[in-house]
Amino acid sequence: MHEYSIVQAMFDTIEATARQNHAVAVKRVHVRVGSGAGVDVSLLRTAYDTFRVHTICDDAPIEIEEIALRWTCPDGHGDIAPGRPLSCPACGRAARLAEGDELVLDRLELEVP
Amino acid sequence: MCVTCGCGDTDIVPVPVHERILANNDRVARHNREHFHDHHVTVVNLMGSPGSGKTAVLEATARQLGADHRLGVLVGDLATDNDAQRVRAAGIVAEAITTGTACHLDAEMVHKGLHRLPWRELEYLFIENVGNLVCPAVYDLGQDVNVVALSVTEGEDKPLKYPTIFHKADLVLITKVDLLPVLKDIRLAKIVENISCVMPRPTVIPVAATAGVGIDSWVRWLHGVGKPRAAQCAAAVSGVR
Chain A
2 MHEYSIVQAM FDTIEATARQ NHAVAVKRVH VRVGSGAGVD VSLLRTAYDT
52 FRVHTICDDA PIEIEEIALR WTCPDGHGDI APGRPLSCPA CGRAARLAEG
102 DELVLDRLEL EVP
Chain U
23 MCVTCGCGDT DIVPVPVHER ILANNDRVAR HNREHFHDHH VTVVNLMGSP
73 GSGKTAVLEA TARQLGADHR LGVLVGDLAT DNDAQRVRAA GIVAEAITTG
123 TACHLDAEMV HKGLHRLPWR ELEYLFIENV GNLVCPAVYD LGQDVNVVAL
173 SVTEGEDKPL KYPTIFHKAD LVLITKVDLL PVLKDIRLAK IVENISCVMP
223 RPTVIPVAAT AGVGIDSWVR WLHGVGKPRA AQCAAAVSGV R
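One line per chain: the protein sequences are A and U, in this order. Counting from 1 along the first sequence, just add 1 to a position and that's the residue number in the numbering used here. Counting from 1 along the second sequence, just add 22 to a position and that's the residue number in the numbering used here.
I should point out that these hints are in silico values taken from the structure, not numbers from a laboratory. Heads up, a few of these hints could be off.
To give a feel for the contact side, a few chain U residues facing chain A, derived at Cβ under 10 Å [claimed, not checked]:
1) V37
2) I43
3) A124
4) P158
5) L182
Some chain U residues well away from chain A (every beta-carbon gap over 12 Å; in silico) [to be verified]:
6) R55
7) H62
8) P72
9) H91
10) R92
11) G135
12) E145
13) V167
14) T175
15) K190
16) D200
17) K206
18) R209
19) S239
Note that CB positions come from ideal geometry on N, CA and C, so glycine has one too.
Throw the hints in and build the complete structure from the sequences for me.
The structure is reproduced here in structure tokens:
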């Protein structure tokens with residue numbers, strides 16, 4: 002259950018960004034979470050909703066874009082089918098993670114004077 | 023401000039951030055890594071479930087390598103310094119990082135832990151992470167290699183159930199293999215096959231730490247990851263002469 006630590010780290014960036022932009026409130030938070038990021042999306046949502054009360058994010062719902070795990074051949078022989086060994090069936094090279102490990106604060110909607 | 027009529031209403035503006043949520047941890051991890059690189063310390067992040075045998079592996083490593091190499095351990099647990107005491111009893115320096123409620127170590131905890139350890143003098147620093155197969159995978163600590171201890175008692179399909187930690191593993195130590203004769207449903211080959219579905223360069227070493235099985239292979243693997251740094255050090259010294 003490290004989602005609370007992750008939300009704490011996210012709040013540090015949110016507060017710094019809000020300050021830089023002289024925002025009076027945050028109205029929406031957009032994050033991108035890969036299914037291989039080691040984060041449970043529903044726990045992240047719960048942790049965020051617990052944290053945001055009486056903060057600058059009090060009125061800011063979180064939008065979470067989930068990104069599926071995708072492994073691919075580094076030599077361009079295409080993606081590895083889910084559940085298969087992580088090496089290219091054509092050339093045998095070790096697969097490369099193309100996407101799905103993201104844990105990114107993507108953008109904020111800020112209320113500014 | 024609303025510029026249409028000058029009423030003083032606020033505006034809602036989109037602001038791109040595009041920053042990794044753990045960017046601050048990544049920064050501290052890079053800082054740790056630079057320190058380790060500058061002092062030629064090879065750092066192993068040892069992860070695994072509670073009871074997977076991480077500490078037993080370190081005790082066996084201390085017995086095998088401790089006399090000829092400078093080893094040290096930082097060990098994370100929610101409470102007690104029992105594991106640090108065990109490793110110290112095996113003859114190498116160790117300090118505990120007591121995390122309280124945190125289910126993982128982060129780069130800052132490791133950085134602070136280093137202040138209590140003569141880490142600059144070490145050849146190998148082992149960071150025994152909190153027993154957990156989920157959360158430690160998310161945090162970079164500044165290590166050179168990730169090693170996962172997976173005991174045969176955890177079941178053949180454990181890698182498929184907890185894939186993330188294996189994605190970035192450099193080695194899986196399959197521990198407690200001396201128990202296989204009494205575990206009728208557990209096949210070592212099946213564990214290895216499942217690891218290959220979650221680890222792009224599957225590298226496994228079966229060990230039984232308390233019986234000393236496989237420790238030679240593990241130590242050879244460690245020498246393999248540690249050697250380049252030792253070679254660089256030697257080259258730098260001979261260059262000075």
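Verification of the supplied hints:
no.	hint	verdict
1	V37	holds, 5 Å
2	I43	holds, 5 Å
3	A124	holds, 7 Å
4	P158	holds, 9 Å
5	L182	holds, 8 Å
6	R55	holds, 19 Å
7	H62	holds, 28 Å
8	P72	holds, 14 Å
9	H91	holds, 30 Å
10	R92	holds, 32 Å
11	G135	holds, 17 Å
12	E145	holds, 28 Å
13	V167	holds, 16 Å
14	T175	holds, 23 Å
15	K190	violated, 9 Å
16	D200	holds, 28 Å
17	K206	holds, 26 Å
18	R209	holds, 17 Å
19	S239	holds, 21 Å
The structure fails to meet hint 15 from the earlier list, while all remaining hints are met.
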